[in-house]
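Given the coordinates of chain A, assemble chain B onto it according to the supplied hints.
2 protein chains.
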Amino acid sequence: MNTAPFTSLADLARKAPESGIVEVMNRGRARGGVLGLWAGEGDLPTPRFIIDAATRSMAAGETFYTWQRGIPELRQALADWHAGLYGTAPDMERFTVTGSGMQAIQIAVEAVSDPGGRILVPTPAWPNLAAAAGLRGAVVEAVPMRFAASGWMLDREALADAAARPGTAAIFVNSPSNPTGWVATREDQEFLLDLARRTGAWIIADEVYGLFVYDEAPSVPSPKGRRRAPSFHDIAEPDDRILFVNTFSKNWAMTGWRIGWIEAPAALGQTMENLVQYSTSGVAVFMQRAAIAALESGEGFLDHQIERTTRARGIIADALEKTGRVRGASPHGGFYAFFALEGEKDSRATALRLIDEAAIGLAPGLAFGAGGEAFLRLCFARDPAQISDAAERLTHWISASL
Amino acid sequence: MNTAPFTSLADLARKAPESGIVEVMNRGRARGGVLGLWAGEGDLPTPRFIIDAATRSMAAGETFYTWQRGIPELRQALADWHAGLYGTAPDMERFTVTGSGMQAIQIAVEAVSDPGGRILVPTPAWPNLAAAAGLRGAVVEAVPMRFAASGWMLDREALADAAARPGTAAIFVNSPSNPTGWVATREDQEFLLDLARRTGAWIIADEVYGLFVYDEAPSVPSPKGRRRAPSFHDIAEPDDRILFVNTFSKNWAMTGWRIGWIEAPAALGQTMENLVQYSTSGVAVFMQRAAIAALESGEGFLDHQIERTTRARGIIADALEKTGRVRGASPHGGFYAFFALEGEKDSRATALRLIDEAAIGLAPGLAFGAGGEAFLRLCFARDPAQISDAAERLTHWISASL
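Sequence lines, in order, name chains A and B. In this note's numbering, each number is its position in the first sequence, counted from 1, plus 4. In this note's numbering, each number is its position in the second sequence, counted from 1, plus 4.
So here's chain A without its partners, still in its complex pose:
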């Protein structure tokens, strides 16, 4: 019998990192009574009208295989929704439905990078892109952003240097950013697009939080009148090397569903189809019916969610700023406060102390890579009353223990 069965596991699989948040979550769950704001998830269940669409579809027997890239009705609904948001009229051939935003990222990485390709990531950043790239055998290069009183800024010079080196497959641009709340300006995006055009690198654009922007942020009104972050859609041509990765999770409270999409130049359609075919082979029709309902009838829910998230942001940002001992508590976009506490440099240790001493659970910034080591991430896509509670626990702890 075989006694050393795992020596032959693939290196890339063995090296895939554990989530840097899990240790804190486990400590918090074990302790009990902890207000856990560590995850990137709101507190609202999926709205009823979305669930009903899925229920009707299942009941009607839509339980068979379907189009790998998504049912045409959903791909058209995506095109229409983009038109309403960006004032463009995109071809539905640009859209491919995926089994989560995460899978959109995995597919994007596979599409643009062979093993050994380089992917540039401004950090701090959501770690899953880097991990997915690592599993591909791609080389992830962190390009730390700069943190100043006004917020986070791209290090354009470092990005330009890094992109100019051979083998750069892609630049990952997440704006509004998870975790930092940074919102790219139009000038940032022009710089990045120009860089991509000059070097041949792709941009993987994660604009998932595009509708969550606050007063300080650069923003643009959509044709529908909805405020949104600047987007590469504002400046790019249809055949620019940009892959947009997106999800239904955040806007429509569908985190648990695992449905997202990727938008790519239409000529890549067959490649996208193949990448879906050989990973999950598509998304359930009834899920897609729910997604259509979200796109077509979700504006009221979006208003509600954005309004309460904006209120919650105000509560936590004001409370933390008022202590005078916190940096970075007022994100420009997204739904996270990403802040550093005076004198605290080790976010893992601080996060564990906060569990034990303040019964509040935050994600340690070191999980988000270079530049995040001293920061903590708090998700405020919650009932404002809960965020008031969080603010109280935190400010009390700061004044008592810091």
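No lab work stands behind these hints, which were simulated from the structure alone.
Chain A is faced by these chain B residues, among others (derived, beta-carbon under 10 Å):
1) Phe68
2) Ser104
3) Leu139
4) Gly141
Here the structure is a predicted model, which means the values were calculated and not measured. Every residue gets a Cβ at the ideal spot worked out from N, C-alpha and C, and that includes glycine.
Then chain B, alone, in the frame of chain A:
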């Protein structure tokens, strides 16, 4: 503006093959009136009790993130189901829920092979494993099976030679086989397991069709009295290097749902979790509730489905055998007839002719790799009346046109 946007697409993505069945399906759909038996899918919608479980879960608000590897209740239900089928009592730590059987294969390939690793595939075989391996940058080596009057057989000598060469990461073993209907004997499996133990290669065991076995097949009764194909579960130790990939699609008529599982040595749990995390980050809880219902209350449906599929197999096999001009029409397992017509060597051309001249849609065998070029695949997981119709169309065409 960028004028050659796709020259920088990843080679591995560009080389991912299109499905070899699509051309025939497109021709059939364009023509109309074609009885399409090209896909690997039954004609029964998902049973009501399974849908109801999902509906209840959604209505109860189970729409949030959940365990990456699957909810404990489903993993335990999988362990119990395996106990009932194989007479073992597996640890639930062995099971990870995946977003389809296809994704189980993708994860298995990622777990055992780095880019450049070699994966051996007895052919003809379902092409998606090879395509997923190709996307990983693994090298797929076809080891053609031998076709004789008694059916298909492994070429053990060729497998042993191939496995002994350096860099062999895995051997893919699909029994009962899609498309050939081959069912591995216990001796086959002992040979393969011994080979894996001696060479350090993993076995990726696809036993998805294990409950679809016919009179000619080697089979074993399960503790529940259900007839099933021999399984690596019968001979392997828990820490043998075997990854079982499986799906809810076929047994419980859930093809459209995209839910499956992977079974691995328990010590690989964290690796499995990471591979899920960085691909689709789990499966919707309401899907998993449906899967539990399938496992716990699905025996009656399974009886029904196996009975009608067995009847349908008898109809098509008898009709084709009777012509005296067909080889291979009596599969030992699975739910496909994979047969060659006298004098016809080019399955693509034959499949297209059958669309035009007999209004029947079959999958061309060349889509399944070396050894399949002359064969056609017909899915008989259908209403026996429909399979009678198919038999008539085919036998009429054979006597009129062959």
